[in-house]
Amino acid sequence: MSTVRVLVGTRKGAFVLTSDGKRERWDVCGPHFGGWEIYHLKGSPADPQRLYASQSTGWFGQLIQRSNDGGKTWEPVGNKFAYDGVPGTHQWYDGTPHPWEFKRVWHLEPSPTDPDTVYAGVEDAAIFRTTDAGETWQEFPGLRGHGSGPHWQPGGGGMCLHTIILDPADPQRVYIAISAAGAFRSDDAGRTWQPINRGLYSKSIPNPTAEVGHCVHHVAMHPARPHVLFMQKHWDVMRSDDAGDSWQKISGDLPVDFGFPIDVHAHEPDTIYVVPIKSDSEHYPPEGKLRVYRSRTGGNEWEALTQGLPQSNCYVNVLRDAMAVDSLDTCGVYFGTTGGQVYASPDAGDHWAPIVRDLPAVLSVEVQTLP
Amino acid sequence: MIRVVLPAHLRNLARAEGEVQLDVAGEVTQRAVLDALEARYPVLRGTIRDHDTLKRRPFVRFFACEEDLSHEPPDAPLPAAIASGAEPFLIIGAIAGGI
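These protein sequence lines map, in sequence, to chains A and B.
Counting in our numbering, the first sequence runs from 1 upward without gaps.
Counting in our numbering, the second sequence runs from 1001 upward without gaps.
Treat the hints as calculated values from the structure; they're not laboratory data.
Just so it is clear, CB atoms sit at the ideal spot from N, CA and C, and this is done for glycine as well.
Hints are not guaranteed to be accurate.
Pairwise CB distance ranges (calculated) [to be verified]:
{"id": "1", "chain 1": "A", "residue 1": "LYS80", "chain 2": "B", "residue 2": "GLU1067", "range": "39 to 45 Å"}
{"id": "2", "chain 1": "A", "residue 1": "THR89", "chain 2": "B", "residue 2": "VAL1005", "range": "35 to 41 Å"}
{"id": "3", "chain 1": "B", "residue 1": "GLU1072", "chain 2": "A", "residue 2": "ALA82", "range": "25 to 31 Å"}
{"id": "4", "chain 1": "B", "residue 1": "PRO1073", "chain 2": "A", "residue 2": "ASP84", "range": "27 to 33 Å"}
{"id": "5", "chain 1": "A", "residue 1": "ASP347", "chain 2": "B", "residue 2": "ILE1095", "range": "46 to 52 Å"}
{"id": "6", "chain 1": "B", "residue 1": "GLU1067", "chain 2": "A", "residue 2": "TYR93", "range": "32 to 38 Å"}
{"id": "7", "chain 1": "B", "residue 1": "ALA1080", "chain 2": "A", "residue 2": "GLY147", "range": "25 to 31 Å"}
{"id": "8", "chain 1": "A", "residue 1": "ASP69", "chain 2": "B", "residue 2": "PRO1073", "range": "52 to 58 Å"}
Chain A is nowhere near these chain B residues, computed Cβ spacing over 12 Å in every case [claimed, not checked]:
{"id": "9", "residue": "GLU1027"}
{"id": "10", "residue": "ASP1035"}
{"id": "11", "residue": "ALA1039"}
{"id": "12", "residue": "ARG1040"}
{"id": "13", "residue": "ASP1050"}
{"id": "14", "residue": "ASP1052"}
{"id": "15", "residue": "ASP1075"}
{"id": "16", "residue": "LEU1090"}
For lysine-lysine, the following DSBU-like pairs were computed, each having C-alpha atoms within a straight-line distance of at most 30 Å [what the hints assert, rightly or not]:
{"id": "17", "chain 1": "B", "residue 1": "LYS1055", "chain 2": "A", "residue 2": "LYS249"}
{"id": "18", "chain 1": "A", "residue 1": "LYS80", "chain 2": "A", "residue 2": "LYS103"}
{"id": "19", "chain 1": "B", "residue 1": "LYS1055", "chain 2": "A", "residue 2": "LYS103"}
Put together the whole structure using the sequences plus the hints.
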């Protein structure tokens, strides 16, 4: 029977949750790297036993850990993320120029074909890659060097590159997203980049339709349909059917369209999930009810999924990288909260149950479906 | 023999138990001690001071002989009691910034 492995990054360590394909009984292993912030950990599609983790603290900076046995043991690898050339400046919160400074790795995206190749999205926003299993990291300077770089501003969580999507059909194509610059695409394997924000409308910035400056919270893609992208923006849920060249709003009948994560069903490319949050000044669910919303129509028409989720006095948040799906026949959906709960649904969102309730605040959730 | 006390997180990272003892050639300075420490435990590179500038990370402090030496120049000689091994060189995670 298949095994599901859920990789959870938290404010105080990493946890590995495993179950068989029924997804009813779970083994909880951790904390790994106790006391450290684990912004993200993810397994290699090419070798599921190979995992990478981003480990950091404000005191001692950034480390990258690598596991060759599915997270049982780990070894630290290279932690030097040096910007290519003179870093230059971006805009600070007050609009003044501020030097580009490396702070942490937000997201690790292993190559679909090579376990030694991993992309890293970092704060201050840049994309790096290793081709030697994490020993050394090199920046793709064409992104930060895009002409708009000096105008990028940090979002509330810092100027982070938090989303990396590798097109499974075209190795030359990479999508990334930055808070609060927006989404970008490379069609030449990361050498050059173009902003893909046409159609986004952000009323809180001086030019609501600017080429850059949008606070994109997360982007998701179904691997069978790589030209279709779904985006949870600061406000607004958006969809692109042309690889990001243009975007349409699909918030539809959502009770509120602010939120952080967005993900796509493993087998139904038009089934998508979001977690509405009351507002950008109140990072908790509306009415104290934790509800995942599912659209089976690629957006606009949404249904609340509540079975097994707290429907009163719930004031947690779900962060942008804290939702994932498995690829079993009945797609499992998972998300973690800032209150330390990790919820699983073995039936595409119809019913939910907590795997664990009292972890540190969850920063990220990834899922591996193992044979 | 120079004695170095690491904070718990870095001791775990280096897989070191208790105090670290280092041989430091030449004058005993902050830089010489940290160079020797990072040579023994390469995993500590970047965790105490910046990879390139070698500046102390903001929330790391250096104490010795009941003094805060964090702001001393990295090439200034450390107290004789450190050089002789009578007192340890303490690397501290500052009591700040936690959540």
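> Does the hinted range 46 to 52 Å hold for ASP347(A) and ILE1095(B) at CB?
Replying inline: holds, 48 Å
>> Please verify that the nearest CB of chain A lies beyond 12 Å from ASP1075(B)'s CB.
In response: holds, 23 Å
> Does the no-contact call for ASP1052(B) survive, Cβ to all of chain A over 12 Å?
Replying inline: Per Cβ check, ASP1052(B) is inside 12 Å of chain A; nearest 7 Å; violated.
>> Given the hint of 39 to 45 Å, is the C-beta distance from LYS80(A) to GLU1067(B) inside that range or not?
In response: Violated, since LYS80(A) and GLU1067(B) (Cβ atoms, about 32 Å apart) do not stay within the stated range.
> Does the Cβ pair ALA1080(B), GLY147(A) satisfy 25 to 31 Å?
Replying inline: Violated - the Cβ-Cβ distance for ALA1080(B) and GLY147(A), about 57 Å, lies outside 25 to 31 Å.
> Can we confirm that no CB of chain A comes within 12 Å of the CB of ASP1035(B)?
Replying inline: holds, 17 Å
> For ARG1040(B), is the shortest beta carbon distance to chain A beyond 12 Å?
Replying inline: holds, 15 Å
> At the C-beta level, are PRO1073(B) and ASP84(A) separated by a distance inside 27 to 33 Å?
Replying inline: This hint holds: roughly 31 Å between Cβ atoms.
>> Please verify whether LYS1055(B) and LYS103(A) have alpha carbons no more than 30 Å apart.
In response: holds, 15 Å
> Are the Cα atoms of LYS80(A) and LYS103(A) separated by 30 Å or less?
Replying inline: holds, 11 Å
>> If we take the beta carbon of LEU1090(B), is the closest beta carbon in chain A still more than 12 Å away?
In response: holds, 14 Å
> Does LYS249(A) lie within 30 Å of LYS1055(B) when you go C-alpha to C-alpha?
Replying inline: violated, 47 Å
Of the numbered hints given earlier, the model fails hints 1, 7, 8, 13, 14 and 17; all others are met.
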